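**Q** Got chain L; can you put chain X on it based on the hints?
Chains as they are written, first to last, in the numbering used here: chain L, 28 to 250; chain X, 28 to 250.
Please note that the accuracy of each hint is not assured.
Which copy is meant is left open, because identical chains are indistinguishable; a pair holds if it fits in one copy or across any two.
Derived pair list, reagent style DSS-like, types lysine-lysine, alpha-carbon separation capped at 27 Å [said to hold, decoys possible]:
#1 K153 with K63
#2 K132 with K153
#3 K63 with K132
#4 K214 with K63
If you are wondering where the hints come from, they were derived from the structure by calculation, not from laboratory data.
It should be emphasised that the depicted structure is a prediction, and the values quoted were computed from it without experimental measurement.
There are 2 protein chains.
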Amino acid sequence: MDGQPTERGQRLSRAAAQRLSLYLRCVAGWPADGEKVSSGRIAEAVGVSDAQVRRDLAALGHLGQRGVGYDARELAGAIRTALGIDRPWRAVLVGVGNLGRALLKYQGFRAQGFEIVGLFDSDPAKVGSEVEGLTIEPVSALTERAVALQAELGVLTVPGETAHAVSEALVAAGVRGILNFAPVVLKLPRRVRLVTVDLAIQLEQLAFQVQQGDALNRAPDED
Amino acid sequence: MDGQPTERGQRLSRAAAQRLSLYLRCVAGWPADGEKVSSGRIAEAVGVSDAQVRRDLAALGHLGQRGVGYDARELAGAIRTALGIDRPWRAVLVGVGNLGRALLKYQGFRAQGFEIVGLFDSDPAKVGSEVEGLTIEPVSALTERAVALQAELGVLTVPGETAHAVSEALVAAGVRGILNFAPVVLKLPRRVRLVTVDLAIQLEQLAFQVQQGDALNRAPDED
Chain L
28 MDGQPTERGQ RLSRAAAQRL SLYLRCVAGW PADGEKVSSG RIAEAVGVSD AQVRRDLAAL
88 GHLGQRGVGY DARELAGAIR TALGIDRPWR AVLVGVGNLG RALLKYQGFR AQGFEIVGLF
148 DSDPAKVGSE VEGLTIEPVS ALTERAVALQ AELGVLTVPG ETAHAVSEAL VAAGVRGILN
208 FAPVVLKLPR RVRLVTVDLA IQLEQLAFQV QQGDALNRAP DED
Chain X
28 MDGQPTERGQ RLSRAAAQRL SLYLRCVAGW PADGEKVSSG RIAEAVGVSD AQVRRDLAAL
88 GHLGQRGVGY DARELAGAIR TALGIDRPWR AVLVGVGNLG RALLKYQGFR AQGFEIVGLF
148 DSDPAKVGSE VEGLTIEPVS ALTERAVALQ AELGVLTVPG ETAHAVSEAL VAAGVRGILN
208 FAPVVLKLPR RVRLVTVDLA IQLEQLAFQV QQGDALNRAP DED
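Isolated chain L (complex conformation):
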């Protein structure tokens, strides 16, 4: 559907890319150097079928041997290459409230190669103070500073009403992707990629699954 060509000329869907992220979490947590991991072990940990894991990993090239499994380190490297995180990414974060601070402290970002290189906030009381080793700068300087900092990505943890203006400042600075936590639908030029994390939607989806689980439990063949 939204598949796009990989460097190998194959198509990797966004759903497949999300599964690869999950496989990487597992594999990166496990292996002693040189240890082999089986597709079944990954499937069990992530909660998808063994066949799905083997299909997804086959798309990355010749990695595993039947009955022997995958070299954990080689596999992690191949997934990182496929996802484009085999090199560091520079990002700026706009909106240093509770969520922004939580993201800054979140060790997963740095571990995956994402470096927050600049912090911005519109609150004069926050500008100039230091968080996690970075000095908060004013949003009015965002475009100019994001260019100087060579930021490729922007993380938006601002209120919905300012998200549009901030995204425009980031686009003007030439960032290539925005991770948006504001509960609004941003309009960006086609060349700028957008991932929106709407936290209320996640909770809605959980409620939906609980409700549907109830419906399943009431299914006639279960009575």
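**A** Below, chain X alone, put in the same frame as chain L:
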């Protein structure tokens, strides 16, 4: 694939449920009472095809008239019913750090009918203090208190190393769904639903899309 029967006996996939959440965001933001909204307007705002919107909404029953559009209020109500958020949900939040506080302040939760009825933390220095009108209680009391509070959902904003133990305490309290922000894969009984939000994965997916966009831009037919 993971479709489950709706109350209408039809199957609503998780992907469809996610799209419905997005439609609801748009529709809830727009209408004056009694105003009609078109599938095209929703499609434009959410960034999916008009045909997709019409298919998704057709699955909810007879809502729109050709050429007239949907009654915005009726549509919002039908989506809420399909998602199971036409009634309030009681949730407890465990881990009152920056992310927990951000979620507590996040108005979207209450707006969608999710009420945080209890706060828990393992830090004795935090226990007893008040946040957003709730007093933080010790994690050691979680199971007992979650039962007393009639919590149906749990929100986990704890470090990865304590997530398993906390999820077990929530399961023992009979919660039916867990929204997990800890970067671990939780194992829960089948009757308890799980939605995991891994913030590093969101950033990885953004990097992936940026990289794939570059690959597209280098495609032979574009040179």
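**Q** Could you run down the list of hints and mark each one as holding or not?
**A** Each hint, compared with the structure:
Taking the closest pair of Cα atoms, K153 and K63 never come within 27 Å of each other, the shortest separation being 49 Å inside a single copy and 44 Å across copies. Within a single copy, K132 and K153 get their C-alpha atoms as close as 17 Å, and across copies as close as 19 Å, so both meet the 27 Å cut-off. For a Cα distance limit of 27 Å, the shortest separation of K63 from K132 qualifies neither inside one copy, at 32 Å, nor across copies, at 45 Å. Within a single copy, K214 and K63 get their C-alpha atoms only as close as 45 Å, which misses the 27 Å cut-off; across copies the closest is 23 Å, which meets it.
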